[in-house]
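A.B. asks: In case you want the letters, here they are:
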Amino acid sequence: MRTLTRFMLAVAVVAALSATAVGQPAERGVTPTEIVLATSMPMSGPAALWGTGVGGGIDAWLRHVNDQGGIHGRRFRFLIRDDAYLPPRAVANVRELVERDGIFGLVSSIGTANCFAIRDYMVETKTLWITPACGADVWAGMRERNKYLFVTYPGYVDEGIYLTKYGVESLKAKNIAVFYQNDLYGQQGLLGVKRGIAQVKGAKLVAQVSYEVTDAEVAAQALKLKESKADTLILYATPRQGALIVREIAKVGYQPTLMSTFTLLDPVMFALAGEAWNNVYLATYIPVPGMGDAKVDATLATLIRINPALARNPFNASAGVSFVESFLEGIRRAGPSLTKDRVVAAMESLKNWDGEVIRGVTYTPESRQGINRLFMVKSERGQYTKLTDWYTYPRKF
Amino acid sequence: MTQLAQYLVGGLATGSLYALVALGVVLLYRSSRVLNFAHGDIATLGTFVAFTLLGRKLPFSLAITGGLAAAALVGVLFFFFVLRPAKEASLLGKIVLTLGLALVLSGAVQVVWGTDTLVFPFPLSDTRVHRIGQVVVSETSLGTIVTGIVLMTLLYVLVQGTKIGLAMRAVAQNADAAQALGIPARKIYALTWALAAALGGAAGVLLAPVVYLDPFMMLDPFLKGFAAAVMGGMDSLPGAVLGGFLLGIAESVFAGYISFKFKTTMAFAVIILVLLVRPEGLLGRVYHRRV
Amino acid sequence: MLPRSADVALGSRASPRTARIHLLSVSSDLLERYQDDLYLVKGATGWLTVAALLVGLVALPFFLPKVGLGYLLFIAILMAANVIVAVGLNMLVGFTGLISLGHAGFVAIGAYASGLLAAKFGLPWYAAWIGAAVITAGFGFLVGLPALRLTGPYLAIATLGFGIAVYQVLVNWTALSGGRTGLPVQQLSFGIAGLTATQQLYYVAAGAAVVLSWVGYNLARSHVGRALAAIRDSDIAAEVTGVNLLWYKTLAFAISAAYAGIAGAIIAQALRHLEPQSFTFLESITYFAMIVIGGLGTVSGAIIGAVILTLLPHYLSGLRQWLPIFYGAAIILMMMVEPRGIYGRWVRIKMYFKAWPL
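Residue numbers (our numbering), protein chains in the order written: chain A, 1 to 397; chain B, 398 to 688; chain C, 689 to 1046.
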């Protein structure tokens, strides 16, 4: 009896050893039961709103996937590190995540400066990097180097061109003013508006007024905008500053046609700006919560069920899902024996793929820009209504 | 001319906020020589507490009182449980203690209330406006200016016209001598902390309806209020008020006519120039150092 | 303030207390003659410690990957930069008694200057870095001028304003700094063969930190250090005894700024992309907290403070939004337990055992 037990034990040991020895080399961050993903985001400090919303959304969505049994029997472990929006801390976090925690991939990261600071390291270590939320400028000219990068995030310049074209052609804009945040995001939007004006004749840019993201109030900017007498005002701002400027111009009796970038689609705008947020024309790349899209609303409900705090931040939480969805589909398509290169191949097979929030994702071996489409919506009495069909712009990377 | 008047109105409203913040900074500095870097975060905490109380359907005046009381309580607790036990700390060490408090409070506000932008319900509307000629004055601006001036007057009466005020002045001038004369210096310090924190809280409550409520809303007003206090003279309460209004108006006019991009730089440039002419601030007491 | 101060060191005309210490001082740590105070490193133990530290620093890049901590090398680089800033800032605050709440501005100038000098003029790394140090020293001199008249909170506001001005200029002078788009910094070649870029940068950064700390220790016990300390204790008295206030106050600012400039150059190489958001007021107060927590007025204290405040936020980073609460509480706790800084506590413990059983 004892011999038999020993024999069985020996067999088990040999089997276990040979399984690890003969089986293919283990992929970093992947075990038969687990996939390790991570992110470094501003969870504290003045930019914490984005980190807690987007990071919290991704975290909740991965937990939801785990609750459904994971993908091919593997569940996700998701590590969130705080970088307080500071590039040195972001680099330190990412190095630790890759070298110590051995992550399979980095999901997003926020802020152009942070993206630039970790970019070279990500390329060197050939780590999968999904949808860093920063301007497409970061990737321009490095097509041959970004094999492991996938982005489902719109280009700010293209959005600016589209907004301007729509304003001039459909809303009869003649004199355009831009209110923008003084960083890469706002500047690229402004550049897009300028290019759009150059492409369609008959309109001119009469004012470009900027603010700092730390500015407490924007009264001086509102007076400048009023003096410009522009008939159309395009906003590139965060919800707080966007609501402030809309209220300030209403206060001084200035009423241009309002147009805006997708960041102001956040439903919080109706609460912040009140009646002033009526008849605003916005471009977007995803259907936002509260727009009547059943899948998006159901997704948000799931997120809030898992993490009730996300109810305060519905737009960013949904955006978080849109960042990571195509990657999860890639993992699904890569099959049970998961490797980095299988995921890359699987993601390159995505053609016009629709997720719960993101729509029309296409990757090819040449292009990592997953989405290149936008459409227009309009705000009316606390609701957004869809105005146009998809508009497609050329891929850049 | 209308334009200038419009800028002046804006400057007065922000100026009265700066003055309230500056008063809190000066009150603490002249009594205990502490530069309180947590002033802004104490104010933010008080405002958030008021916000929660308002959400519980409390009447406005009660909710605001609750918020200010919370701010005052944090100030007093910090004094008794951190600053007193760390008597040995140098002046710079005390600054670092307040920096620690600022981090703790700001973190706590983020954890409890989240980081999203909130609407602070206020009886005065920011979009309803009065017109004086061509000049537009919103109800909140008017309310801010009036409330600011009322609070400043009350503080003046308290400090200059009451027994407690006399004790506060005595402790500020020479704590040991005051204590020898039977003034309970510790209680007076605690009271000063409470008063300063509540003043900050008042600034927060006045600011929140204008710029919305979020955990970092006091960052900029605190720095400006601190700067205004220095410009006015760190040991002078009237100086803090003067500094606050001057800074608010200068900023608004500069932003309107020249550049809003360099608004803050200009504010500090003006302050440095003032200090080069009067190193003790506009109304600060010139004191002669002896070796 | 510390045992190595005048009442013990100048114990020849001894008070009863110092005389007693004098009698019992078998160890090298209690000073018997003025010369003792001038030695930087004393005795075999002292030299052994220094040698062990240096060997440890040299071996670090090879040792860390062996124990699976290779990622810490980058943090070691940041730490070296912070040590340099703290040692320089301590010279200003701890030795001279002036205050600066705008040191991130100097770090920013050093970072951008080194990047631009290398890119626009094709300078080799050492020339770009020295250039950056000289430029920041120039700014330090200018900021030092108001310090002749201002003290305490007034100087704090003036320097704070400087930090904010640097930030706003970097944000808005796009032609120079790239504004919020940022400034790419080319990778400099340090010419150390056989090492990765990170390892090379580590050696250069650690080397700079060691050399500049050594300079710091030396300055502290030179006539310059004595003059600065005299200004701290009473600037009028110092002037009466012949210390040129104009020269020494601006010198303190210039040296301190030059240190920050070198640190900025290291940070520029570590990130290779500069953006003003890394150099805000919040960074300035972090630098300030480093020297106070470590212990004002000593080079060792500045080093300890910089090391702790570099590691702390990194190790707390998994706490996410709870980080500021723990970080702030840790700072309060450290200051309450030891108001004179961690180095001060270390010296007290050491003295207790040296003087035991007294």
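For the record, the hints were derived by calculation from the structure and aren't laboratory data. Where a beta carbon is used, it is the ideal one built from N, C-alpha and C, also for glycine. Incorrect hints may appear among the rest.
Unchecked claim - Taking CB as the label site, the calculated pair distances span:
1) C:Leu-742 with B:Arg-481: 41 to 47 Å
2) C:Val-738 with B:Asn-571: 44 to 50 Å
3) B:Asp-573 with A:Tyr-121: 40 to 46 Å
Stated by the list, open to error - Far from chain B by the CB rule (all over 12 Å, computed), these chain A residues:
4) Ser-44
5) His-64
6) Asn-66
7) Arg-240
8) Val-344
9) Glu-348
10) Thr-362
A.B. asks: None of the hints should be skipped; say for each whether it holds.
C.D. replies: Against the structure, the hints come out as follows:
1. Checked against the hint of 41 to 47 Å, the pair Leu-742 (chain C) and Arg-481 (chain B) passes, with Cβ atoms roughly 44 Å apart.
2. A hinted range of 44 to 50 Å for the beta carbons of Val-738 (chain C) and Asn-571 (chain B) is consistent with their spacing of about 49 Å.
3. Between Asp-573 (chain B) and Tyr-121 (chain A) the beta carbon distance is about 59 Å. The supplied range of 40 to 46 Å is therefore violated.
4. A cut-off of 12 Å between C-beta atoms contradicts the statement that Ser-44 (chain A) is not in contact with chain B; the least separation is 6 Å.
5. The claim that His-64 (chain A) is not at the interface with chain B holds, since no C-beta of that chain comes within 12 Å of its own (minimum 21 Å).
6. At roughly 24 Å, the least C-beta separation between Asn-66 (chain A) and chain B is larger than 12 Å, which holds for a residue marked as non-interface.
7. A beta-carbon of chain B comes within 12 Å of the beta-carbon of Arg-240 (chain A); the shortest separation is about 5 Å.
8. With 12 Å as the threshold on Cβ separation, the claim that Val-344 (chain A) sits away from chain B holds: the shortest Cβ distance comes to roughly 35 Å.
9. At the 12 Å boundary, the C-beta of Glu-348 (chain A) stays outside the reach of chain B, the nearest C-beta of that chain being 37 Å off.
10. Against the 12 Å criterion, Thr-362 (chain A) stays outside the reach of chain B, whose nearest CB is about 33 Å from its own CB.
Figure legend: structure checked against the earlier numbered hints; hints not met, in rising order: 3, 4, 7.
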